[in-house]
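Student: First to last, the sequence lines map onto chains A and B.
Sequential numbering from 1 applies to the first sequence in the numbering used here.
Sequential numbering from 1001 applies to the second sequence in the numbering used here.
FYI, nobody ran anything at the bench for these hints, they're computed from the structure.
Careful: at least some of the hints might be erroneous.
[Said to hold, decoys possible] No more than 25 Å apart at the CA atoms, straight line, and that leaves these computed lysine to any residue pairs for SDA-like: (1) B:K1194 <-> A:E195; (2) B:K1243 <-> A:E195; (3) B:K1267 <-> A:G135; (4) B:K1243 <-> A:G219.
There are 2 protein chains.
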Amino acid sequence: MHIIAVDAMGGDHAPQSTVQGSVEALRAYGDLRILLVGQEEKLAPLLQDAGDVRDRLEIVDAREVISNNESPVMAIRQKTDASLVRAFALVREGRAQALVSAGSTGAVMAGGMFRLGRIEGVERPALATPIPTAGGGQTLLLDSGANVDCQGAWIAQFARMGAVYARQVLGVTNPRVGLLNIGEEEEKGNRQTKEAGALLKETGLNFVGNVEARAIPMGEADVVACDGFAGNVALKAMEGITKALFDLLRQELTANSRTKLGAALVKPALRRIKKRMNAEEIGGVPMLGVLGAVVKAHGNSSAKAFFSAVRQAYRMLEGNVTDIIRSELQDV
Amino acid sequence: MHIIAVDAMGGDHAPQSTVQGSVEALRAYGDLRILLVGQEEKLAPLLQDAGDVRDRLEIVDAREVISNNESPVMAIRQKTDASLVRAFALVREGRAQALVSAGSTGAVMAGGMFRLGRIEGVERPALATPIPTAGGGQTLLLDSGANVDCQGAWIAQFARMGAVYARQVLGVTNPRVGLLNIGEEEEKGNRQTKEAGALLKETGLNFVGNVEARAIPMGEADVVACDGFAGNVALKAMEGITKALFDLLRQELTANSRTKLGAALVKPALRRIKKRMNAEEIGGVPMLGVLGAVVKAHGNSSAKAFFSAVRQAYRMLEGNVTDIIRSELQDV
């Protein structure tokens, strides 16, 4: 039986989306239990139609909620009765093995670091963002923002943790691991990237060497490792240009009656593309390297998106990701 | 009279595109002279229809050509009879004030550094890439790849040089200068970014603070400064996702007869978007901070694109960019 603690109060559409997504996950996986953490009087009424899974679902009352506007570290330290902090406590106490939250990214990161702590041997935990690729797959980009000033050895560890996730959760047999760089030649890169490259050549990973950021959406590697500053820049640049292109499309396609007719005909195709290239459709962002399977769902997660994030956490437990990261990083 | 040295042999479509682009620039600007540097026997026949501007165009013979496959620094040092090296020599000797090349980026950078040298007071020259924005404008991103390990003070200088270019060449009266970061809050960022932020607050620039990479294509700043690693990652990430989206569009729009009909109707609109968001349509990449106006045109420049790059160099001379950078950086 896998047990997941769900921060039922975090996210733009909480608690409806978190409760509904959790109930759907329970229906999908018979060996799953969920501890729904939040204000009991708000959560209980949402479970009226969940009688079929009610025996595997427990409400854990927590009175406070962490907002996006407060200091994540302070909130995690001081708001001991916040739904997110209680959820972390459940994992720490061993009552759950995984945590899913659509709340503040900073608070989830701080909670992972200070409430759970690092897996032995892990220098720095990392956020691993799945990026949709043109071919319909995904590339795992990490670190995508947790660690800004990185040593090369940390980046090499991100690569190793990413490879474990790709293998155990995404089912990629021998994941191709790339190092984000500004050119493919070995002598390229900043200090930390060159250090990481030298270390990665010595591992047993399927290391494909340096990759440029354009390789990420083209799917030229299954895992792309980098420091959290570069990773976040890549992520936000892709988000920005995608938004810009779709904004322009909307403008151009409503420009005259000819394009409006054309737009009506191609609309389903455009919707498919938008859906395929939308990172949020793939699921949440796992935090790798902490003592528990932690998944940060997108802040604006619908019930369906939250279900995907719970599924990711479930698969991390199925794939034994935490233990395998521990044993692989100890081998070095 | 402005004099520009053109590396006539660099680029995928040289020398046809470089010669044709140069001739068009001469027709556009009556006070422009061009020194066309390259193999005379290849260049002369291309000037048959250029009688109207022939008196402002001189061929400077150079026998060698630098390819993309050789070490840029070695090539610049050793191939003294290469068209690019001769062109740099013309600027250094004062026979020209600007240089335009569609050849190897590395060689143009090495030439700028070693053949021209830095403007007094400039710590590191930078590549400034104009990025098209959704609104039809452009954001100048620098450094976009020349300097990977940066001190904060260098990044602050990039911002200052970029602001001079935006004002003098792009005609932006009081350019909004942003600092590329992974969040807008002041405490965010890696070491060099925080250092740069502290310095930029003390300048007379119209400093809008930290901006995320998504602000670049959205046009939320006229100039975005960063280290060359982050800048290159942003650039390549945007290129990659744009290519991925257009590849998907092509697939989806030829999927069935309905979408094919729609595609025929929206094709001109899509072409306009592609054109607008194509960095190459805007022109080349100026190298700021060296003793001369240097513009790196795209390797696959057509005659029209090469003309744009020559026009940029001309505007840099008109706007007195080199002198203004010298005087502004000395004020600090």
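Student: Going back to the hint list, which numbers does this structure go against?
Tutor: When the structure is compared with the hints, only number 2 turns out to be violated.
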